[in-house]
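Dock chain B against the given chain A, drawing on the hints supplied.
Chains as they are written, first to last, in our numbering: chain A, 2 to 303; chain B, 23 to 272.
The calculated DSSO-like cross-link candidates involving lysine-lysine, where the alpha carbons are at most 30 Å apart (straight line), are:
1) A:181 / B:81
2) A:181 / B:137
3) B:242 / B:76
4) B:185 / B:137
5) B:205 / B:145
6) B:242 / B:205
7) A:181 / B:185
8) B:145 / A:181
9) B:185 / B:143
10) B:185 / B:81
11) A:181 / B:143
12) B:76 / A:181
Calculated directly from the structure, the hints in this document are not laboratory data.
This one's a predicted model, so the numbers in the text were calculated from it and none came from an experiment.
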Amino acid sequence: MPIGYILTVGTFTGIFMILTVSLNVLTGYAKQVSLGHAAFFAIGAYASAILTVKFGLSFWAALPCVVGITTLVGVFLGLPSLRVSHDFLVLSTIGLNFIVGSVFRYFSFFGGSMGIVGIPMPEFFGHPLGTAGFFGLTLLFVILTILTSFYFSRTWGRLAMEAFGEDEVAAKAMGINVAKFKIYAFAISSAYAGIAGALWAHYVGSVFPDNFGFDRSIDILAMLVLGGMGTIRGAVFGALVLQMLPEGLRVIQNYRMLVSGGILALMILFQPMGLLGRGSFLVKGFERLRGRLVSHEAEDMP
Amino acid sequence: MSLLVTEGLTKDFGGLRAVDGVNLVVGEGEIHGIIGPNGAGKTTVFNLITGYLKPTRGKIHFRGRRIDGLEPHRVVSLGIARTFQIVRPFTDLSVLQNVLVAWGHRNYYGLGPFKPFGPAKRKALEILEFVGLAERAYVGAAALPIGLQRRLEIARAIALEPKLVLLDEPAAGLTEEEITRLKELVLRIVASGMTVALVEHRMTFVMDICQLITVLDRGKVIAEGTPSQVASDPEVIEAYLGAGEGEGDA
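Isolated chain A (complex conformation):
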């Protein structure tokens, strides 16, 4: 296998790891199920494409703006969650996915269906990054995403999200401003997804509305559900498996939606906590093994 191919697969896997970890904040912690996560991904990609191609900014100068834009858009797109919850929120996130896709398709400012092409590779000390360099850059952002997300998993904000995600009435009685924390969840999740979008845009070199369709949202959710909602290890693992699997088994690539949809449906039915989620059969088995050595106190969330 040529090294370039491996690095490319690694880069895309890394981008999807960032996306899955970002969805974990929203859907794993705050239990706001989103079937429109590709919209946040798209906004990051388009924001970076426009800032670099149309406004001539460098990747590095554009990136903070991209994070700012996606955070703000996340706040805005999170507003429906204040009015609707559960099934209706899922429906409205699907709607958002289509709305965002349509805006990029129908407004010439965003390139319409011709998309935006000629997005430059990020430069490092005056030299455009190559395949290996970009893989390194992606890896850096994956590590940053995991580290910051891991830190967040130990904060009051995460605890508040877990609480209202399960029971909004009880959470309010604990002094939690549920509306504010829902918006936080959307904003944080969207900010990470924006970084993933920017990486995607600059690696591929072009963005088209079709890159960020509803099927993409299903992919991302399937990765998180497979790995285990509510855990970072699950998010990373799910992205790794579902992104690598089609590379190993070429035939799967032709049936990508069948695989993603099938995994989503089967996992929700039989193993809703995912393979590595809290209380999954693998984690229980592992804890039983380890339990003989250490006390049960060492939990995922102390």
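This is chain B only, laid out in the frame that chain A set:
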């Protein structure tokens, strides 16, 4: 000194007047019981005080400040904690994490949400110790029997560091032995400087520990006084026995 005062508190649900001009005064440091037959509006009064419902008419003052119409989380931040008639533990979380969620109340503003909760575990364990749940700290909240889930609800309420704790039927579904321990716990809560108001069906429980009792019937206050005054009030006896709600010990 009066901690909580309601004036003409009224709540309509469509054509039904669930709470009708209730004047309630809860003094600092007391254990105040609110009793009455089913549908008397007791829980509705709690929901009005804690911001879960907005009054149709009337005012609520807490420590001299108007709180009617405030959001529930604001009411909590002013110093009123509540438990629920039907327990609502966070079942995905451990017992300790449940208490941590409540203890976090002062970190849910400003940059607080981005601070780690780890250092607060010691304090949360102390609170669990106080209610007698320390040895179950790392168990999932869903695994607790109902009696202990009620203790967990009380632990969460205490963790909010309130001035006033509202307990909604804390004795419901408990065994006699658990009730004895609950009484002792309520007394310790008051001894540590909090005020308690409770809604309850179990008459013995209320008669034993409350200094003052307010009796509601069909949304109205029909009697108020010490347990012995209330127990001998003809209108109260009528409301309870007439409605076929009487418990032999009333």
